[in-house]
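Trainee: Based on the sequences and whatever the hints tell you, model everything.
In the order they appear, the protein sequences are chains A and B.
Throughout, my numbering is defined as the position within the first sequence, counted from one, plus 3.
Throughout, my numbering is defined as the position within the second sequence, counted from one, plus 3.
Hints were generated in silico from the structure; no laboratory data involved.
Keep in mind that this is a model prediction, so the values were computed, not measured.
One should not assume that every hint holds.
Treat identical chains as interchangeable: a pair holds within one or across any two.
With a Cα cut of at most 20 Å, we get these calculated SDA-like pairs of lysine to any residue [said to hold, decoys possible]:
hint	residue 1	residue 2
1	Lys365	Arg290
2	Lys365	Ala283
3	Lys203	Ile165
4	Lys365	Glu23
5	Lys365	Arg20
6	Lys92	Gly63
Number of protein chains: 2
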Amino acid sequence: MNPQGDLLDEVTPELVRRIEAALDEGRTDQVRGLVADLSPSGQAAVLEQLPDSQREVLVGLLKRELDPEVLTELDAEVRDEVLEQFDSKDIAAAARELETDDAANLLEDLPEEERREVLSELSPADRIEIESTLAYPDESAGRLMQRSLVKVPDNWTIGQVIDHCREADDLPDDVYDLFVVDAAGRLRGSVPLGRMLRTKRPVPILDLVDPDIPSVPVTADQTEVAHLFRDQNLVSCPVVDAEGRLLGVIMVDDVVDVIDEEAEAELLNMGGVGVADMHAGTIRTVRLRGLWLAVNLLTAVIASVVIGQFENAIEKIVALAVLMPIVASMGGNAGTQTVTVAVRALAMGELTAANALRFIAKEVAVGGLNGIIFAALMGTAVVVWYQDWRLGAVIAAALVCNLVAAALSGTLIPLGLQKFGVDPAVSSTVFLTTVTDVTGFLAFLGLATLFLL
Amino acid sequence: MNPQGDLLDEVTPELVRRIEAALDEGRTDQVRGLVADLSPSGQAAVLEQLPDSQREVLVGLLKRELDPEVLTELDAEVRDEVLEQFDSKDIAAAARELETDDAANLLEDLPEEERREVLSELSPADRIEIESTLAYPDESAGRLMQRSLVKVPDNWTIGQVIDHCREADDLPDDVYDLFVVDAAGRLRGSVPLGRMLRTKRPVPILDLVDPDIPSVPVTADQTEVAHLFRDQNLVSCPVVDAEGRLLGVIMVDDVVDVIDEEAEAELLNMGGVGVADMHAGTIRTVRLRGLWLAVNLLTAVIASVVIGQFENAIEKIVALAVLMPIVASMGGNAGTQTVTVAVRALAMGELTAANALRFIAKEVAVGGLNGIIFAALMGTAVVVWYQDWRLGAVIAAALVCNLVAAALSGTLIPLGLQKFGVDPAVSSTVFLTTVTDVTGFLAFLGLATLFLL
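Mentor: Below, the structure written as structure tokens:
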């Protein structure tokens, strides 16, 4: 047994620092010693946390000893860099030891040329498996599934199945269910190992089959697969082709990776960054983020043009310039709240055509009520501050307008983007702030022009 | 077999609409028919998507037939509402059919009084199990674990273990690993069922034990448990007390729920909303969001006070009022990018004391470079627009200042909050926008006052 909890934080900042120091001073034996006992994901964490130059040294040092599992645990950006130190033979050696889905993942980002070289190093059987995995669309069930599984004919008895398992010595340890297929290879259902263990040898396997287990078509999107695992609390799920023939099995650990990736993409996209951001180099990050900032600059310039229409009013009442960012900012924040809830609910399938109208109505009610509350608060403050009840009334009215506009655009923008097949996490906020900035400045400065000049 | 893919989107908007219509018109048999074949999570999805009044009718209709699993699948807000229609006897009946961890979850939010009533309806054995689960801290491994598992003494042979499994008829189907304990109940390791199946009866079970399996202390935080499952690709993990005695097992489906919850909390908190938001009523939502908006109002007022110091400058050069939101907005957006990456990296353990300095340095470099790029762009535009090179130079300088300030605060704020034990997802953005608004307005209006007046 491991001492309790030591795996819970295998890679401490202290450990990374010691590895860094040892690498700096060329104490290679010590480096090996520090890294050797880590799990593959621990080694991956170390590689991710080291600066580029030291990572290169460490990979060069470990190379042949590096557990191929480490490659599957690495962040894609870092993995691509590590693979640059590998030649085709090294990559082929790693691919041989991995499950098909992981091997395919390793190869998919390689340049065409190199991928062909790696494939030519593999046995024909491995090559065909990996090539047919890569033939499935990106992010499909076919890419996620592994092909090693226990498949038994539907006319066997428990005894035959057990003998078969005993004789096959290449069965993986992580088999939890047996899959029963008919003569044409079509999935009849599954039998949990535990249930088989409790049954006498002469019983036909078909008696134990659970025919109601879910299966996924090989073309299903990984997001749908993740929803299925979540909803049905699955540990594994068979994958079938259009004729219902069993092709492979998706394991829950790969689905956990999908769930993590999608949550990460959603969060990062909402914040205006891409998934590659954390491990991309400085220049690449500048370019990626710059694109998003350029879009935002456009939004800001539009808002600025709106303000420009009211230069005359601002010149006469400079307090307008002092107060106007408050109206825009409150709208932006309220709208971000709405957009965030909408994006999450859309991603989780909780916001659908069935309840969209109710959702919009609730958001508008919330926006209107908070608009009134903050209008009263801010209106009073302005009356006290500037001794001008008309200015107070104008900012109050503008706040109500903008919070209602925020609620409407905060719901309609993500719903609309989703309808047109655009990921609402990516671009909702930029459209939203355009609306709330323009509405905020227009309502406040426009009302001021009408009633104060 | 289910027809392929039908489980992938069991609950369509169309289905929800049909259930709504049938409920409206009191066609109870049809409602029952539509709901009956759904999985527990499908029924939960229907309940979540119905408006409150119809949900109440549906729950009243199903009540006794409602699969208790549905309750565990429901969003906490909705579950609390549903449970209000249940009396203690109903809840006790549901608790009896659930795993200990799910039953404890059901009871934990009940009012003290009602919880006691429910517990008194249960058998002493069930009551003790649930009470001891509730005695573990919220969000700890003890709360996540289930107690039903297969535990065998370390002096048995495979044959004895198999016979034991055959005789015990209450073994759950979802057993994947057997746990081997010594005479004192201390965990010696685990044996995957598949491995046991392939071994002859006289072999001692201890020969098959994998002593290196990870285990978690019962007090471990659920976030750490999720990291462990993720890193080690686990399907289940034993839970032990301080003496290493086996107490229960955590299954991956419960960990998937934890991962979902944490990702959801992170995303929603970054957007200024709480996890209860989606299913809370209008008034409650107004209150929850209003709190956050009030904090943001404070930020906006601070920025406004800064602008107020420069009324004189704005009166003379009204273009300052037109342009100043651009400087603040670019800083806010660039800072949000940095904060988002930092919050995610902190949550995933990718940003630690070991690489924090490098992270800050990269962010400042990115901020500085993008600052220079957008300063050049915006500076030129302003020179063209206003025919005033000094105004262009001032906005350019202010943009560089603010993007560097955004990079610094976007890294230091989440790192600082984390250090002081505050969840950086919750409050990073409000501190950040305070910094970028104040810096933006101060730099732009201050430089303008120095060089343009």
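Trainee: If a hint holds in the structure, say so; if it doesn't, say that too.
Mentor: Against the structure, the hints:
When the C-alpha separation of Lys365 and Arg290 is checked against a cutoff of 20 Å, the pair qualifies only between copies, where the shortest distance is 13 Å, while the shortest distance within a copy is 39 Å. With identical chains, the CA atoms of Lys365 and Ala283 are at most 20 Å apart between copies only, with a shortest distance of 10 Å across copies and 41 Å within one. With identical chains, the CA atoms of Lys203 and Ile165 are at most 20 Å apart both within one copy (11 Å) and between copies (11 Å). In this homomeric assembly, Lys365 and Glu23 come within 20 Å of each other (Cα to Cα) only across copies, at 18 Å, whereas the closest approach inside a single copy is 54 Å.
Proximity of Lys365 and Arg20 under a CA criterion of 20 Å is satisfied inter-copy only: 19 Å between copies versus 51 Å inside one chain copy. In this assembly of identical chains, the alpha carbons of Lys92 and Gly63 lie at most 20 Å apart only when taken from the same copy (15 Å versus 66 Å across copies).
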